[in-house]
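Q: Sequence:
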Amino acid sequence: MLLSQKRIEQLINIAVFLLKSHKPEAINSLKDFLTIVTNPEKIQHILIDAINQVIETDPETIYWLLKNPTYLQPEIDIKVIVTQKLNKKLLTWGFTPEDIHFNDDGNEYRG
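Residues in the sequence shown are numbered consecutively from 2, following my numbering.
The hints are simulated quantities; they were obtained by calculation from the structure and are not laboratory data.
Hints are supplied without guarantee of correctness; some may be wrong.
Computed cross-link-like contacts, SDA-like style, restricted to lysine to any residue with a CA-CA straight-line distance of at most 20 Å [claimed, not checked]:
1) Lys89 with Gln74
2) Lys80 with Thr39
3) Lys7 with Thr39
4) Lys43 with Asp59
Computed spacing ranges between beta-carbons, pair by pair [stated by the list, open to error]:
5) Leu3 with Glu61: 27 to 37 Å
6) Leu92 with Asp33: 29 to 39 Å
7) Pro60 with Glu10: 21 to 31 Å
8) Gln45 with Lys68: 33 to 43 Å
9) Trp94 with Thr36: 13 to 23 Å
10) Ala27 with Asn53: 10 to 20 Å
11) Thr97 with Asn14: 14 to 24 Å
12) Leu92 with Asn29: 11 to 21 Å
13) Glu99 with Ala27: 33 to 43 Å
14) Lys7 with Thr97: 36 to 46 Å
15) Leu4 with Asn29: 30 to 40 Å
16) Glu99 with Lys7: 36 to 46 Å
C-beta: ideal position from N, C-alpha, C; glycine also.
Build the full structure now, drawing on both the sequences and the hints.
A: See the structure below:
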């Protein structure tokens with residue numbers, strides 16, 4: 002299925018809406034719904050773009066997803082996505098790579 006940019010944006014918006022529901026059934030429905038996209042990489046990109054939007058607008062949802070990381074697996078490792086985004090943000094705030102350390106659970110710590 003060839004997807005236009007408009008269709009991809011619509012799918013991202015649907016994903017954001019369902020992620021914010023904090024309901025496991027909604028996440029499962031989202032993953033089932035995204036099977037209309039036949040390319041697994043595109044599905045990942047849609048989910049990552051949705052998560053990045055949620056990171057910027059709804060930290061409570063990100064916290065919920067971090068507490069329930071299996072809901073997005075195997076398509077997405079939420080801890081990796083959030084850690085990468087946080088790392089980038091800390092760098093823009095003037096931290097250096099040497100200042101930023103994460104343990105295996107994705108928790109930031111000072112080394």
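Q: Look at each hint and say if it fits the structure.
A: Results of checking the hints against the structure:
1. Lys89 with Gln74: Outside the cut-off at roughly 23 Å; violated.
2. Lys80 with Thr39: Answer violated: Lys80 to Thr39 is near 25 Å, above 20 Å.
3. Lys7 with Thr39: holds (17 Å)
4. Lys43 with Asp59: violated (23 Å)
5. Leu3 with Glu61: 27 to 37 Å: Roughly 36 Å apart at Cβ, these two residues keep to the hinted range, so it holds.
6. Leu92 with Asp33: 29 to 39 Å: This hint holds: roughly 37 Å between Cβ atoms.
7. Pro60 with Glu10: 21 to 31 Å: The hinted range 21 to 31 Å holds for Pro60 and Glu10, with Cβ atoms some 23 Å apart.
8. Gln45 with Lys68: 33 to 43 Å: At roughly 22 Å between Cβ atoms, Lys68 and Gln45 fall outside 33 to 43 Å, so the hint is violated.
9. Trp94 with Thr36: 13 to 23 Å: violated (39 Å)
10. Ala27 with Asn53: 10 to 20 Å: With a Cβ separation near 19 Å, Ala27 and Asn53 satisfy 10 to 20 Å, so the hint holds.
11. Thr97 with Asn14: 14 to 24 Å: With a Cβ separation near 36 Å, Thr97 and Asn14 fall outside 14 to 24 Å, so the hint is violated.
12. Leu92 with Asn29: 11 to 21 Å: violated (35 Å)
13. Glu99 with Ala27: 33 to 43 Å: Given a distance of about 40 Å, which is inside 33 to 43 Å, the answer is holds.
14. Lys7 with Thr97: 36 to 46 Å: holds (40 Å)
15. Leu4 with Asn29: 30 to 40 Å: violated (22 Å)
16. Glu99 with Lys7: 36 to 46 Å: holds (43 Å)
Checked against the numbered hints given earlier, the structure breaks hints 1, 2, 4, 8, 9, 11, 12, 15 and satisfies all the rest.
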